[in-house]
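Line by line, the protein sequences give chains A and B. Counted the way the working numbering counts, the first sequence spans residues 3 to 155. Counted the way the working numbering counts, the second sequence spans residues 438 to 1006.
Heads up, a few of these hints could be off.
Some chain A residues judged to face chain B by a derived CB distance under 7 Å, without partners named [claimed, not checked]:
hint : residue
1    : Leu73
2    : Ile85
3    : Asp104
4    : Glu130
5    : Ala136
6    : Val154
7    : Glu155
In short, the hints are calculated from the structure, not lab data. These figures come from a predicted structure and were not determined experimentally. For each residue, glycine too, the CB sits at the ideal point set by N, CA and C.
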Amino acid sequence: MFRWNNLPKLFLLVSFTLGLSSLAVAQHAAKDKPDTGKTPTAAADFSGLQDVLDAKTHKLRQPTPEEIKNLTDALEPMLNQTIDESKVQTSSDGTQAVFAGDRFANFILIRTNTDGTTSTRCVSSVKEAKEFLAGPTSKKNEPRRDATGLEVE
Amino acid sequence: MNRRSTSLLLLILTLALATQAFANAKITIYNADQGTGKGFDDPTPVAPIAGNTGTTVGQQRLNVFNYVANIWGQSLDSASEIKVYASFAPLSCTATSGTLGGTSVSWWLANFPGADFANTWYHVSLASKLAGGDLEPNADPLEDSDMIIQFNGSLGSTGCLETSHWYYGLDENEAPGDINLATVTLHEMGHGLGMSSFFTQSTGALISGIPDIYQRNLLDRSLNQTFDGMTATDRRNSVIDPRNVVWIGSHVTNAVPNVLQLGTPILKVNAPAAIAGFYQIGGASFGTPVGAPGITGPVVAALDAADASGPTTLDGCSPLTNAADVAGKIAIVNRGTCGFVVKGKNLQDAGAIAMIVADNAAGGPPADLGGADPTLTITSVRVTQSDGNLLRAQLGAGLNVTIGVDPTLRAGADPQGRALMFTPNPRQAGSSISHWDTIATPDLLMEPFTTPNMALRVDEPRDIQLAQMRDIGWYEDRDIDNVADSGDQCLHSDLRKTVIVGSINTDAPNVLFTTGCTISDYVKNCSVGSNSQGDTQSCTAHLTQQLLEAGFLTPPQQGAIRSAVARNK
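Produce the complete structure using the sequences and hints provided.
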């Protein structure tokens, strides 16, 4: 099969309006989901998992700074948003190509909260990863949050 | 081919051929764990679960990947196989946190044959679709891939989030606390196929000075500028321009009314005219939710003692000293020192009908208020610090507001009905311009977190994700002839290399025209539109003569086609 003169493609945009829109006007309580992605761990039993419990509060502890460093160090090569531009290849037909490999990645991280719920977040930089893993209670000036992650003050 | 002959050919075509559903894009999973005994090769026996018939952990993982690949594959069309280099090896993890998995686009391409826009980076899978073939074939499976996906095979094992586990069912019925691998994989493949951008976000710098196809669809409403045309500084700043970056592609905008619910919580200033308009608010986990028709009234400042409970007279941390002024009105307090429910209770006790909390730190959009107090019944909302200052400055000018739901505004869209991107300030995890705003209702696949029991769908009416793919160039093309179905007059083209009539191969080249039809399609159409063999032969004679004159056929090829039609009764 060959194509005639590199045929231009036709882009006649059509409106996809077949579905019926919801006309319900919902009430909105805390719809902004500021720290969502939390999944209640039903009847989670943490006995026997002493390494995840805070020695003082006996609640699930947050990651330590060392753990966060280890996690983000491992991610750093894949969240690196730079590329050696000398690696951009140009072929005879003018096509430019660059192999990004596992750089410029989006990674989903998971963190256990003190109440046993978990939070997930998709990040694309080490900075974002550190902030998420550190969690809301690790910063000195960060406001307290309730079990759902909302700021309470 | 000249215009005249083209128009004659179009006249010949009287009936479009029947529409038919096809397999669309082939997405294959390359198992990078082969031979390791881990990940996709994990031989641990398990029972089949929710449509997943695998009997080992590794099989079930691979089944989930193939299931999700099929969802995307049935949604997109491409002549080029999409290759996913996938592994399920152990990733970094601790007892309470870790990496679930991630995706990267293997190659980015620009200025390739078939590109819709010059000097624009494309995700390799999309570039190959537009070019009509694999643009980066390579013997190395990694470099041959279109995307690289890694997931954490250690999740739930000793020392790695032992209370969390992957769910391998092929549905949305994971138990609380489990991570649905299908949902996460659907999200990650979405990034790999087109929901991602290729620039350095910390600086806004483009790669080799070239923007990508994704950026062409991102508009910063503050600047009225799309990302591809911005300066690096503007691009960097736009990533943290809350609720001001929208997707302007027409497919998504057309899909928004079918997917996102009407009704966005909003504060409307009715008076004074100088600041009249709509302001963003965050809701509250306590009290009466913001609803329709809303609460309207004058706004007054709540005043309390500056004491041990709160150091200022504007924080609402103590019983109010101006209860008579507040009663029956909407009261505004500053955030800080005490909990939101404490402030709300003090205002409610003074007779306020609603509470506005003005943030005490810059940034936006306003987050929701947390806390719990079942005795607190008034509606409470938060506004940004800058909006709070604006409101306070008008307290003496007859400030009157409505706290309610704008029934005309969809949750997750701007007033023009364009989908909002997630661009909070200060920057939060997930604000990498490659996700939809978290205000979207219902939750969308490509929000920056996993949503429990999320539908495994990418299309309307459940999601806008397929529409986003259409906007960047994944046009519908069910017969994969590289002519968009919207302009394809032959949706089921015969794309064989030569014109074959019945079982007779004429060896004439089967040219594809911009109409989306081939010579074979036109020849076949002669028989569809004719009442007799004589009519068919006459139509074919006329058709092939036009093709001959236009230079698409030689006389022997014309003769071969006419002969084949005559013999094919």
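Against the structure, the hints:
Taking 7 Å as the C-beta cut-off, the interface hint given for Leu73/A holds, the closest approach to chain B being about 5 Å. A least Cβ separation of about 6 Å between Ile85/A and chain B falls short of the 7 Å threshold, and the interface hint therefore holds. Annotation: Asp104/A was flagged as interfacial toward chain B, and the flag holds, the nearest CB pair being 5 Å apart, inside 7 Å. Look at Glu130/A: its Cβ gets to within about 4 Å of chain B, closer than 7 Å, so that hint holds up.
At about 10 Å, the closest approach between the beta carbon of Ala136/A and any beta carbon in chain B exceeds 7 Å, and the interface hint on this residue is violated. Interface hint at Val154/A: satisfied, since its Cβ lies 4 Å from the closest Cβ of chain B, which is below the 7 Å cut-off. Given the 7 Å rule on beta carbons, the hint for Glu155/A holds: about 4 Å separates it from the nearest Cβ of chain B.
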